[in-house]
Amino acid sequence: MANVGIVIVSHSPKIAEGAADMVRQMVGDGVNLAYTGGDPGGGLGTGVESILDAIDRAWSEAGVAILVDLGGAETNSEMAVEMLDDERRGRVVVCNAPIVEGAVMAATEASGGSTLEAVRRTAEELSPQ
Amino acid sequence: MTPAVLHRLIVAVSDDVIAHADELTALDQAVGDGDHGINMKRGFDAVRADAQATAEKPLPEALKAIGTQLVMKVGGASGPLYGTLFLALSKEIAPDGSNLPAAFGKAVEAVKARGKSQPGQKTMLDVLTPVQTALAEGGADLRARLPIVAASAAEATVPMLATRGRASFLGERSVGHMDPGARSTALMVATVCRVLED
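Those protein sequences? They're chains X and H, same order as listed.
So the first sequence is residues 8 to 136, counted in the numbering used here.
So the second sequence is residues 20 to 217, counted in the numbering used here.
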């Protein structure tokens with residue numbers, strides 16, 4: 008069984024790339040990892056099309072966990088999940104967690120072969136209840 | 020609705036949003052991240068470019084095409100929010116548009132779910148909800164009344180405290196500015212009514 012994949016979605020391409028760098032360094036190559044940042048016009052923001060592309064790049068049969076920064080990143084990620092085909096839609100979750108710490112914790116959990124639900128739970132333990 | 024009328028609607032709404040891009044951006048600079056006008060312009064540039072082909076589709080398919088363009092091109096939070104409004108409307112609307120009040124009600128519910136928001140939080144919902152109520156009431160003067168309902172609802176967001184969206188980070192500082200999403204919604208309502216009145 009493949010490990011859960013991780014997608015990082017930030018308004019800033021630099022933050023997305025930097026968070027992904029940290030995940031790679033701390034967790035290695037055991038999980039599929041993709042990141043995206045910036046709006047369709049090249050400014051700060053997020054876009055559904057590039058999030059769908061990132062989900063595709065990080066795709067794993069075990070599912071994909073998405074980590075986001077601010078409001079629009081979450082809304083666009085949820086929209087992207089809804090636009091997936093029926094087979095994939097139920098296997099992608101948007102985590103309610105801080106983007107950097109959440110990505111590292113989720114990837115660590117994923118690299119041990121945990122289920123999507125366990126990966127999400129571990130990331131979300133970082134959020135105030 | 021004939022393809023000619025649908026075409027006029029698409030072009031007029033697109034042109035009005037594009038013409039007001041600077042105003043929407045200025046409003047968003049006061050309470051958000053200053054990209055609402057730019058984002059909406061990008062989305063409606065794409066919608067306008069497809070106007071001819073879209074207008075030839077049946078109404079539900081046309082609304083779906085518009086919603087998809089907005090989701091893909093706008094970015095920010097307004098892309099999925101406006102996209103959801105049009106996509107939900109496309110699922111509910113009858114090909115002859117006769118069930119608009121009911122379909123619009125469902126679409127507004129879909130926007131609430133997408134934004135995890137309710138009216139009173141200084142968002143586009145503060146215009147969509149009164150417009151929905153006015154649509155449900157109907158009446159011969161509906162097209163004259165709707166733009167006024169929408170404009171005064173947008174005006175009513177000025178003293179509101181934002182508790183959703185980017186403006187909520189500003190807390191009390193969001194008070195005293197019109198919500199850019201409320202403004203863009205009111206703008207579109209007014210344009211649709213004006214075109215249908217002609």
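Please keep in mind that the hints were generated in silico from the structure rather than gathered at the bench.
One or more hints might be untrue.
[Stated by the list, open to error] Computed spacing ranges between beta-carbons, pair by pair:
| # | chain 1 | residue 1 | chain 2 | residue 2 | range |
| --- | --- | --- | --- | --- | --- |
| 1 | X | Glu89 | H | Glu156 | 28 to 36 Å |
| 2 | H | Glu174 | X | Glu94 | 43 to 51 Å |
| 3 | H | Arg27 | X | Gly48 | 36 to 44 Å |
[Stated by the list, open to error] Derived contacts from chain X toward chain H, CB cut-off under 7 Å, selection only:
| # | residue |
| --- | --- |
| 4 | Met33 |
| 5 | Gly37 |
| 6 | Asn39 |
| 7 | Gly49 |
| 8 | Val55 |
| 9 | Ala125 |
The beta-carbon is built from N, C-alpha and C at its ideal position, and this holds for glycine as well.
>> If you test the structure against every hint from before, which numbers come out violated?
In response: 3, 4, 5, 6, 7 and 9
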